[in-house]
Amino acid sequence: MTRGERTAWLFTAPVLAIILLVFVLPTLVALGLSVTDYSIYALADWSNLGFVGLGNFADLLATPLFWRALGNTALFAALGVPMAIGASLAAALLLHDATVRWKPAWRVLLFAPYVTSVVATAVVWRFVLNTRFGLLNYVLGGLGIAPVDWLGDPRASIPAILLFVTWKIFGYNMIVFTAALSAVPQDLMEAARLDGAGRWARFRHVTLPAIGPTLLLAAVMSVAGFLQLFAEPYVMTMGGPAQSTVTVLYFMFDEGFRWWNLGQASAVAFVLFVLILAVTIVQTRIGRRYEWL
Amino acid sequence: MLICNKKQGAEIDRWSGFSAVDRRGVLAGAAATMMAGCGVRRDPSALRLWAMSYEGDYSPHLMPAFTARTGIPVEVQSLPWTAAHEKLLTAFAGDALPDVMMLPNGWVGEFAMAGAIAPVAEREVADLFPGTADTVRWRGTPYAVPWSVAPQAQFFRRDRLDGPPAEDWDGWRAMGLRLKRRFPDSYAFLILLNWWDTLFTFAGQAGAALLRERDTRGNFATPEFRAALDFYVSLFRDRLAPAVLSTEVQDPVAAFAQGWFLVYPSGPSLLLDFKRRAAEIPAARWGVARMPGPTGPGAVSGVSGALAVARGTRRPEAARALVRHLTSARSELRFQQLIGNLPARASAWADAQMAAPVLAPFAAQLRQPARDPAVVEWERIRIEVQLIAERVVRGLLTVGVAVQEMDRRADLILAKRRALVQAGRLA
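Chain order of the listed sequences is A and B. Quick note: the first sequence, position 277, residue 261 per the working numbering, numbers continuous. Quick note: the second sequence, position 397, residue 403 per the working numbering, numbers continuous.
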């Protein structure tokens, strides 16, 4: 080992130790738990703990609620990622325009929801979405649309929560996109304009390739975020109505912390881990193809 | 207390996953962990008490008398009902239980089995309503002292109903239809779809035995439970009650005062809400009656609160003294004045304060308690059953399929218990 290498190890050692302690070790322990029937009976008396092999996974696959949670999560991600990224990009593009004044003020206002507490804003949004007195239904009523039972109708509950989540998180990616947009080469933009490219053509062939890597990063983060959706359904609907907003993480929380079936919950955690890993691998493959990575 | 709540907010934030991956989120999480909330500011000489809802909010009023007599300060933390079970279990697993905690009677067996709470002396559970003492026993030994009793009763709008509400199912439905005709913009009843208490009140009234085979299997396909579920579902089907969750009705008291619904099955803690908001809903406008049964009022189980001492407490004597103080007839009577909760001590009921007409339906109901199965899994089974009932109300299942599904879910939840009972490791 050269002196340089030793120094490098010395500097990275604290971080590696922390990663080992708070990431690798818990992951391995959780994996170990997922093949046991750890439950409240084991909490009472260790002799009640048994090895069940892949039994937890088999049980999980036979649990309708797990499949429903998986479906709900997929729906949240499939609708939410384009919605959130689209909103971020649209806001960033609008703010990037030279004619917009007071840009810092707009940025602060649009970023503010991201840094407010989920619980506090959820309470406000529950009032906004109220069927009888809510602001949203009031506005829709003005447009001649009958009141929607946002948080009480199993078909409207996911869109309602997505609305809230998008409002809450789009500011973060908006800032990231704003930074990426300012790096789009202006000479290229002017050349395209001189060649007669319209707004859309310039966006498609100049802006988009330039912010591609940022877009990919945002997509990876958002997918991982949406697959781990928990706090919003927890505070808005508690998984209801008719369990239509139970997500995988919510299901895991319920099993693990509410009922203390940690064996089962660890199995859910492992499935979620594999899922997120798989989706991320697919995303990076796509990114490589477009030479964004 | 405020700081603790804020910390809970940060904790949930950390769960959201949006912040978990980026640096900002990790920093926020680290900050939340470092603050470690209320633990740091704690007075080391104080006893700690956790209680739910109004009991938690108002029990500090009972503490000056205790502290003055014993010199022991008490710190109270109030928990919301919706997060109490996980918080208590997690605290037990993390060896962070308070010295004294409130438990609804249905959870006492669970926490006793897990070894979280210490048994209490037999003399502590004397002088109670018969039936109440049984609910805090596990394997014959009392593990908590009943603090309050809270059977459901129906609160009704005296100014909108012709007289006292019906107390049998057919009469109740007929009354609902009559009210619906007279007040087409209102509902007759409010029954929140994510709370199990009204369905289980009906089941208790119908005399349904909910588990079988030494409490190792679900028993929901019986004619009694089916009748209760049929009646429950019919109230929503006939549009006598709105299909709403507690998350949708932010303020049921205001909705009741405005006449959005006219009859509200609820516990005695509503008495405090009505007292505090008498400007909105004057006392002359509402009354209380017993919940309807198939042919008249019957046995009802309620969320009753009990106080237990943690097995791991370092000061068991002081903790027991606190339980004795809080469950004394005097404290319970004061609590009744403060938050409406009904005393569990039989002798407290001899006091003139308990002769108020508004308490009479509760007193009558107390003499007819229904007993919940004393198994660890009961809380979960009850919630699962309510979730399936909600699906029936929303037209996603039929009653016939639903009761089969309830049995199936209960059997699954009870699988571990069944195995332990069959192996002879559990009585």
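Calculated directly from the structure, the hints in this document are not laboratory data. Honestly, I wouldn't trust all of these hints.
As the list claims (entries may be wrong) - Covered stretches of chain A (chain B as the covering partner; in silico rule of three or more C-beta atoms under 8 Å from a C-beta of chain B):
{"#": "1", "segment": "19 to 26"}
{"#": "2", "segment": "135 to 144"}
{"#": "3", "segment": "221 to 229"}
{"#": "4", "segment": "240 to 254"}
Unchecked claim - The following residues of chain A were derived to be distant from chain B, with all beta-carbon distances above 12 Å:
{"#": "5", "residue": "L12"}
{"#": "6", "residue": "L49"}
{"#": "7", "residue": "R85"}
{"#": "8", "residue": "G128"}
Unchecked claim - Derived DEER-like restraints, expressed as beta-carbon distance ranges:
{"#": "9", "chain 1": "A", "residue 1": "W184", "chain 2": "B", "residue 2": "D417", "range": "58 to 66 Å"}
{"#": "10", "chain 1": "A", "residue 1": "V8", "chain 2": "B", "residue 2": "W201", "range": "39 to 47 Å"}
{"#": "11", "chain 1": "A", "residue 1": "A(-3)", "chain 2": "B", "residue 2": "D101", "range": "48 to 56 Å"}
{"#": "12", "chain 1": "B", "residue 1": "A97", "chain 2": "A", "residue 2": "R85", "range": "52 to 60 Å"}
{"#": "13", "chain 1": "A", "residue 1": "V8", "chain 2": "B", "residue 2": "A97", "range": "53 to 61 Å"}
{"#": "14", "chain 1": "A", "residue 1": "I129", "chain 2": "B", "residue 2": "D244", "range": "57 to 65 Å"}
{"#": "15", "chain 1": "B", "residue 1": "L183", "chain 2": "A", "residue 2": "I129", "range": "49 to 57 Å"}
{"#": "16", "chain 1": "B", "residue 1": "A97", "chain 2": "A", "residue 2": "A(-3)", "range": "31 to 39 Å"}
{"#": "17", "chain 1": "B", "residue 1": "A97", "chain 2": "A", "residue 2": "I129", "range": "41 to 49 Å"}
Ideal Cβ positions, reconstructed from N, Cα and C, are used throughout, including at glycine.
**Request:** Note whether the CB distance of A(-3)(A) and D101(B) lies within 48 to 56 Å or breaks it.
**Result:** The hinted range 48 to 56 Å is violated for A(-3)(A) and D101(B), with Cβ atoms some 31 Å apart.
**Item:** Verdict for V8(A), W201(B) (Cβ pair) under range 39 to 47 Å
**Value:** Since the Cβ atoms of V8(A) and W201(B) sit about 42 Å apart, the hinted range of 39 to 47 Å holds.
**Consistency of beta-carbon spacing, I129(A) to A97(B), with hint 41 to 49 Å** = With Cβ atoms ~47 Å apart, the hint holds.
**Distance restraint evaluation - A97(B), A(-3)(A), Cβ atoms, bounds 31 to 39 Å** = Roughly 35 Å apart at Cβ, these two residues keep to the hinted range, so it holds.
**Request:** Determine whether the Cβ-Cβ distance between V8(A) and A97(B) falls within the hinted range of 53 to 61 Å.
**Result:** Roughly 27 Å apart at Cβ, these two residues miss the hinted range, so it is violated.
**Asked** Cβ-Cβ distance between L183(B) and I129(A): within 49 to 57 Å?
**Response** This hint is violated: roughly 31 Å between Cβ atoms.
**Message:** Just want to verify: R85(A) was marked as not at the interface with chain B; is every Cβ pair farther apart than 12 Å?
**Reply:** With a cut-off of 12 Å, R85(A) remains clear of chain B, as the shortest Cβ separation is near 28 Å.
**Item:** Exclusion check [L49(A) not at the chain B interface, CB over 12 Å]
**Value:** Violated, because the least Cβ-Cβ distance between L49(A) and chain B comes to about 9 Å, which does not exceed 12 Å.
**Request:** Given that the segment 221 to 229 of chain A was listed as covered by chain B, double-check it with a C-beta distance under 8 Å for 3 or more residues.
**Result:** holds (count 6)
**Request:** Examine the segment 19 to 26 of chain A for residues whose CB is less than 8 Å from any CB of chain B, and state whether their number is three or more.
**Result:** holds (count 4)
**Prompt:** Measuring from beta carbon to beta carbon, are W184(A) and D417(B) in 58 to 66 Å?
**Reply:** With Cβ atoms ~60 Å apart, the hint holds.
**Request:** Determine whether the Cβ-Cβ distance between I129(A) and D244(B) falls within the hinted range of 57 to 65 Å.
**Result:** 28 Å, violated
Violated hints, listed in ascending order, are 6, 11, 13, 14, 15; each of the other numbered hints is respected by the structure.
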